[in-house]
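Asks: Sequence:
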Amino acid sequence: MHSLPFCNFQDFALFYKHAPLKQRKIHRCTICNYSTPKTTNLNTHMMMHTGQKPFKCIHCPKSFTTKSNLKQHYLVHLRMK
Numbered sequence: 001m002h003s004l005p006f007c008n009f010q011d012f013a014l015f016y017k018h019a020p021l022k023q024r025k026i027h028r029c030t031i032c033n034y035s036t037p038k039t040t041n042l043n044t045h046m047m048m049h050t051g052q053k054p055f056k057c058i059h060c061p062k063s064f065t066t067k068s069n070l071k072q073h074y075l076v077h078l079r080m081k
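Its first residue numbered 1, the sequence shown is counted upward by one per residue in full-length UniProt numbering.
Check the hints yourself; a few may be wrong.
[Stated by the list, open to error] Simulated pairs of lysine-lysine, DSS-like, Cα-Cα distance not exceeding 27 Å: (1) K53 to K71; (2) K56 to K71; (3) K38 to K53; (4) K67 to K56; (5) K67 to K38; (6) K56 to K25; (7) K67 to K53; (8) K38 to K25; (9) K38 to K56; (10) K38 to K71.
[Claimed, not checked] Restraint ranges, calculated between C-beta atoms of paired labels, are given here: (11) M48 to R79: 36 to 42 Å; (12) T44 to V76: 17 to 23 Å; (13) N33 to C57: 29 to 35 Å; (14) H73 to T50: 19 to 25 Å; (15) Y34 to H59: 14 to 20 Å; (16) M48 to K25: 19 to 25 Å; (17) C60 to R28: 33 to 39 Å; (18) I26 to C60: 19 to 25 Å; (19) K25 to H77: 35 to 41 Å; (20) L78 to H49: 28 to 34 Å; (21) S35 to M80: 20 to 26 Å; (22) I26 to I58: 34 to 40 Å; (23) H59 to R28: 16 to 22 Å; (24) I26 to L78: 14 to 20 Å.
It is worth saying that the hints were derived from the structure and are not from the lab. Virtual Cβ for every residue (Gly too), placed ideally from N, Cα, C.
Starting from the given sequences, assemble the full structure and let the hints guide the process.
Replies: Structure representation (structure tokens):
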């Protein structure tokens, strides 16, 4: 969801029309059609294309593109004990 201090929009097109000009910056993937107003979202998305997975599990060889996915994975190891 895209939000401004005074409103909430679930529809990206409405957000884009409503947002002040300085908040309209859209970051686009150079490989596919993905676009987002947040640079961090684009950086995480690009890891899908590059195969980069900087968050490594300390219990097994798996690695992940986001810290939240790694935390979710740790639950697998907790259930095994």
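Asks: Now tell me, hint by hint, if it's right for this structure.
Replies: Cross-check of the supplied hints:
1. K53 to K71: 14 Å, holds
2. K56 to K71: Given that 27 Å is the threshold and the Cα spacing comes to 10 Å, the pair holds.
3. K38 to K53: The hint holds at about 20 Å.
4. K67 to K56: 9 Å, holds
5. K67 to K38: 17 Å, holds
6. K56 to K25: With a Cα-Cα distance of about 32 Å, the restraint between K56 and K25 is violated, given a limit of 27 Å.
7. K67 to K53: 10 Å, holds
8. K38 to K25: Distance of about 8 Å is within 27 Å: holds.
9. K38 to K56: Within the cut-off at roughly 24 Å; holds.
10. K38 to K71: 23 Å, holds
11. M48 to R79: 36 to 42 Å: 27 Å, violated
12. T44 to V76: 17 to 23 Å: 22 Å, holds
13. N33 to C57: 29 to 35 Å: At roughly 31 Å between Cβ atoms, C57 and N33 fall inside 29 to 35 Å, so the hint holds.
14. H73 to T50: 19 to 25 Å: 20 Å, holds
15. Y34 to H59: 14 to 20 Å: Hint violated: Cβ distance 32 Å, outside 14 to 20 Å.
16. M48 to K25: 19 to 25 Å: 21 Å, holds
17. C60 to R28: 33 to 39 Å: Given range 33 to 39 Å: holds, Cβ gap about 35 Å.
18. I26 to C60: 19 to 25 Å: Given a distance of about 38 Å, which is not inside 19 to 25 Å, the answer is violated.
19. K25 to H77: 35 to 41 Å: For K25 and H77 the Cβ distance comes to about 40 Å; the hint holds.
20. L78 to H49: 28 to 34 Å: 32 Å, holds
21. S35 to M80: 20 to 26 Å: 40 Å, violated
22. I26 to I58: 34 to 40 Å: 37 Å, holds
23. H59 to R28: 16 to 22 Å: 37 Å, violated
24. I26 to L78: 14 to 20 Å: 40 Å, violated
Of the hints listed earlier, those the structure fails to meet are numbers 6, 11, 15, 18, 21, 23, 24, in rising order.
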